[in-house]
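Combine both chains into one complex, guided by the hints.
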Amino acid sequence: MNKLIDLLVNGQTYPVAVEGRTRLLDALRDKCQLTGAKEGCSTGDCGACTVLVDGQPVTSCLVVAASVAGKQITTIEGVAQGNQLHPVQEAFMECGALQCGICTPGMIMTSIALLREKPNPTRDEVRFGLQGNLCRCTGYGKIVDAVQAAAGRMDASGSGHASGTQDVTDTNPALAGPRQADATGGLAPGATR
Amino acid sequence: MRDFEYHAPATLQEALDLLSTHRDTARVLAGGTDLMLMLTERVVAPEHVIDIKGVPEVSRYEWSGDGALTIGATTLFRQLETDPQVIDRFPGLSEAASEVGSWQIRNMGTVGGNLCTASPSAEIGPILLALDAEVEIAGPKGRRTVPIGQFHTGVRRTVLEPDELLLEVRIPAPKGRNGSNYIKLKERQKMDIAFVGVASVVELEPGDGVVKQARIVLGAVAVTPIHAEQAEAKLRGQRLTDELVVEAGRLAAEAAKPISDIRASADYRRSMVDVLTQRTLRQALAVAQSR
Numbered sequence: 001m002n003k004l005i006d007l008l009v010n011g012q013t014y015p016v017a018v019e020g021r022t023r024l025l026d027a028l029r030d031k032c033q034l035t036g037a038k039e040g041c042s043t044g045d046c047g048a049c050t051v052l053v054d055g056q057p058v059t060s061c062l063v064v065a066a067s068v069a070g071k072q073i074t075t076i077e078g079v080a081q082g083n084q085l086h087p088v089q090e091a092f093m094e095c096g097a098l099q100c101g102i103c104t105p106g107m108i109m110t111s112i113a114l115l116r117e118k119p120n121p122t123r124d125e126v127r128f129g130l131q132g133n134l135c136r137c138t139g140y141g142k143i144v145d146a147v148q149a150a151a152g153r154m155d156a157s158g159s160g161h162a163s164g165t166q167d168v169t170d171t172n173p174a175l176a177g178p179r180q181a182d183a184t185g186g187l188a189p190g191a192t193r
Numbered sequence: 001m002r003d004f005e006y007h008a009p010a011t012l013q014e015a016l017d018l019l020s021t022h023r024d025t026a027r028v029l030a031g032g033t034d035l036m037l038m039l040t041e042r043v044v045a046p047e048h049v050i051d052i053k054g055v056p057e058v059s060r061y062e063w064s065g066d067g068a069l070t071i072g073a074t075t076l077f078r079q080l081e082t083d084p085q086v087i088d089r090f091p092g093l094s095e096a097a098s099e100v101g102s103w104q105i106r107n108m109g110t111v112g113g114n115l116c117t118a119s120p121s122a123e124i125g126p127i128l129l130a131l132d133a134e135v136e137i138a139g140p141k142g143r144r145t146v147p148i149g150q151f152h153t154g155v156r157r158t159v160l161e162p163d164e165l166l167l168e169v170r171i172p173a174p175k176g177r178n179g180s181n182y183i184k185l186k187e188r189q190k191m192d193i194a195f196v197g198v199a200s201v202v203e204l205e206p207g208d209g210v211v212k213q214a215r216i217v218l219g220a221v222a223v224t225p226i227h228a229e230q231a232e233a234k235l236r237g238q239r240l241t242d243e244l245v246v247e248a249g250r251l252a253a254e255a256a257k258p259i260s261d262i263r264a265s266a267d268y269r270r271s272m273v274d275v276l277t278q279r280t281l282r283q284a285l286a287v288a289q290s291r
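Protein chains in written order, with our numbering: chain R, 1 to 193; chain B, 1 to 291.
Rather than coming from a laboratory, the hints here were simulated on the basis of the structure. Check before you lean on any hint, since a few could be wrong.
What the hints assert, rightly or not - Under the rule of at most 20 Å between Cα atoms (straight-line distance), these lysine to aspartate or glutamate pairs were calculated in the DMTMM-like manner:
1. B/175 <-> B/205
2. R/31 <-> B/3
3. B/234 <-> B/203
4. R/71 <-> R/145
5. R/3 <-> B/5
6. B/257 <-> B/274
7. B/190 <-> R/6
8. B/234 <-> B/274
9. B/186 <-> B/261
10. B/257 <-> B/267
11. B/53 <-> R/54
12. B/141 <-> B/24
13. R/3 <-> B/3
14. B/212 <-> B/242
15. B/190 <-> R/45
16. B/234 <-> B/208
17. B/234 <-> B/254
18. B/53 <-> R/19
19. B/212 <-> B/229
20. R/71 <-> R/124
21. B/186 <-> R/45
22. B/53 <-> B/14
23. B/186 <-> R/124
24. B/257 <-> B/229
25. R/142 <-> R/90
26. B/175 <-> B/208
27. B/53 <-> R/6
28. R/31 <-> R/19
29. R/142 <-> R/124
30. R/3 <-> R/26
31. B/141 <-> B/14
32. B/212 <-> B/243
33. R/3 <-> B/47
So that you can see chain B by itself, here it is in the shape it has in the complex (with noise of 0.2 Å):
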């Protein structure tokens, strides 16, 4: 690993300077899973690193009262694990934080480095795009909020400048009888990295079992998590029948757009969302009923 200087700002001001002067020769470190394992491998090799752990503004962690989630970016997957708040009102964003890494990774890695490594396979990514969060972004020209679902551009890209920092991730409060769960489809039960992963949300009209609104997201099967519109817009105002959710699966396989690769076929990811889909939506059902 080559050497380089760190810093350790104690401001968001600090930081960006920082960032400012040093661009493309300096890499940000959250809690060190993926960029000490990219300098290690030497995939970069940054003069400069930029250790933001000690920045208030990206360390919040806040529920408002109506149940919305600030997730500041260095906030630990540990953390959206054990939340028994989070248990209570995002079951799905607890489930796919408990499947990343192991207990030490997730005791160090974070929300924002997640979602800045941009992995396709990457856990949180598709249930927070499922829970319509958005994210803060901090630059020298001030701040922007930018939808989740825009964030990420490519393998391995987002909309971050080299002079931006991603301050938090906010998922809006939980609207009336709602639902959510994530499943992760891997070979080993743990330390594994997803061939499929979906998160379904199931939002239902008050009283009578209709589906007000409905998202299911995918993940490892795109560049990016992508929704599966078809699926979604036919679940809306439905009763959420077995031949409706076995529809749903059909029609969010047709929406995936898999690589085959070391891990499984394209045939056998687009398989396994048909599968997924219809378990997250009948696990997510079962949760908004039960409110």
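Just chain R, with the same shape it has in the complex (with noise of 0.2 Å):
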């Protein structure tokens, strides 16, 4: 049965016809014809869908679309600012952090999720957070080292964007969501509890 929702995806409001059992990942890629997270296990396990859910990583897989109406919607078309590439993304980039590139949408997604939290993380704190994200051709280390590249040139709101420009968060809330002050105890490695 349809039922017509409006998904606030990236800053725009989507109204979209949605079946119950329509997933997240469906609306996005089917209806908002934003393919950019990607169907990998479709069991919540891989995170090549991850998109950001009022600022939180989620695999939208596992997201009945009906249940996020409403809610601030990030998916990796939205960081960037038109031709400027988010800092995440440029370090990607730079640091050759992909092969076939299915994961890195979710990587990236995550990624900046876990610099808003904690802006200067570790080699063990970005493999902790990026624990659900899976890279099947098994580059991790430059995924990491991209990370860690990036980690200095998000700016204070965590939004990504050095300042001068105009913040993203102006257009798309959810980048802005309240950062938790270093998180301490949120993604600290398990080895150290």
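Here's what the structure looks like:
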């Protein structure tokens, strides 16, 4: 049975007709034509479909689309500003942190959320944050390099764009979500407990 | 996945009415990390899915003045993982929550959903049992309180009737010098299912180092989380010496009733219960001694 809902994606409202079973991933790809989020495992294990809902990473293959109507959703399409890539995107390119590229949108979304909570993560903290994003090409070393390279380039709002440029949060409130001050106890590697 | 009607009740009464009307043709949706998987794999095919995330009564998260914690059914693992008060007062609970799935999964997965899925290897059951938690259930006839030890009745089975809803979990305030610890043994660091999980809670008498009460709960080695009762009894009124910790490990291994499966053999699981019981006891003791 179809139901009309409003999905707020990257600061834009998409009125879409969904069935009960429509997953957020399907709604984004098929209804909003935002195909950046990839379908990998369909079981929440691989992270290729990761998007941010109210600033927090979730696997969109496990989300009922109707359940996130009205929430702020951010996809990979929403992180660059025009032709200016997000610092995490730039760092992934510079470090060669991708091979086949399927995991990359999810990796970048989780990395952005991670750097907002932990602006200067250690390698272990990056690995802990990316625990739910699998790269089947197994190029993890350069991915960790890229996240660390991007760390210094995020601006104070955590939105990713250097000061002086228009802040993406002007159009996308989800990227300006409340920051936890260094989230101690949050994304610390399990071993430190 | 078969289509279903999606309901988002805004009140507890509305949710209970939907459950009473649709009973076996309905499934409750909280975080969706288990249900969506079961729907995708066609393990279940409900006609109605009732999303309870908008129901205030299942969303409570409150500390009482004395340090007791009420955890609404839709509380996220991420909340328990990061709440500094949980890390301080119930470290074992925070450790168990941080062992669930990935960051993404912990941003979606809920305590109530995890308990209701009732997987024997679930992380949160053993530590809640070790912390003497109880659950509050609502149904058409009113509310009832069930000790967490009676909530799970078997593999993927609980005491919940089809028209009932798990509202919240309540953990009593930690008493005196109290420490807890949870260790999950798995092949990979993250995104894996436990071979064995052990939760220990140690409460010391004030002043001296004598154990007033010890709780040792084993996960993934029986159909539900179980107390290692003989090991617990052995420690009561004793000073936790190395010899005694080793003895507790041996007794806990005897209490385990593991199976052999694709992840591990029964013998290996039993041996690991011994090791993890010792480690969790030592860690819980260290926390208790630091109070």
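How the hints compare with the structure:
no. : hint            : verdict
1   : B/175 <-> B/205 : 10 Å, holds
2   : R/31 <-> B/3    : 17 Å, holds
3   : B/234 <-> B/203 : 14 Å, holds
4   : R/71 <-> R/145  : 32 Å, violated
5   : R/3 <-> B/5     : 10 Å, holds
6   : B/257 <-> B/274 : 13 Å, holds
7   : B/190 <-> R/6   : 35 Å, violated
8   : B/234 <-> B/274 : 15 Å, holds
9   : B/186 <-> B/261 : 14 Å, holds
10  : B/257 <-> B/267 : 10 Å, holds
11  : B/53 <-> R/54   : 15 Å, holds
12  : B/141 <-> B/24  : 18 Å, holds
13  : R/3 <-> B/3     : 12 Å, holds
14  : B/212 <-> B/242 : 17 Å, holds
15  : B/190 <-> R/45  : 10 Å, holds
16  : B/234 <-> B/208 : 18 Å, holds
17  : B/234 <-> B/254 : 13 Å, holds
18  : B/53 <-> R/19   : 19 Å, holds
19  : B/212 <-> B/229 : 15 Å, holds
20  : R/71 <-> R/124  : 31 Å, violated
21  : B/186 <-> R/45  : 16 Å, holds
22  : B/53 <-> B/14   : 13 Å, holds
23  : B/186 <-> R/124 : 19 Å, holds
24  : B/257 <-> B/229 : 13 Å, holds
25  : R/142 <-> R/90  : 13 Å, holds
26  : B/175 <-> B/208 : 15 Å, holds
27  : B/53 <-> R/6    : 18 Å, holds
28  : R/31 <-> R/19   : 12 Å, holds
29  : R/142 <-> R/124 : 14 Å, holds
30  : R/3 <-> R/26    : 15 Å, holds
31  : B/141 <-> B/14  : 14 Å, holds
32  : B/212 <-> B/243 : 18 Å, holds
33  : R/3 <-> B/47    : 16 Å, holds
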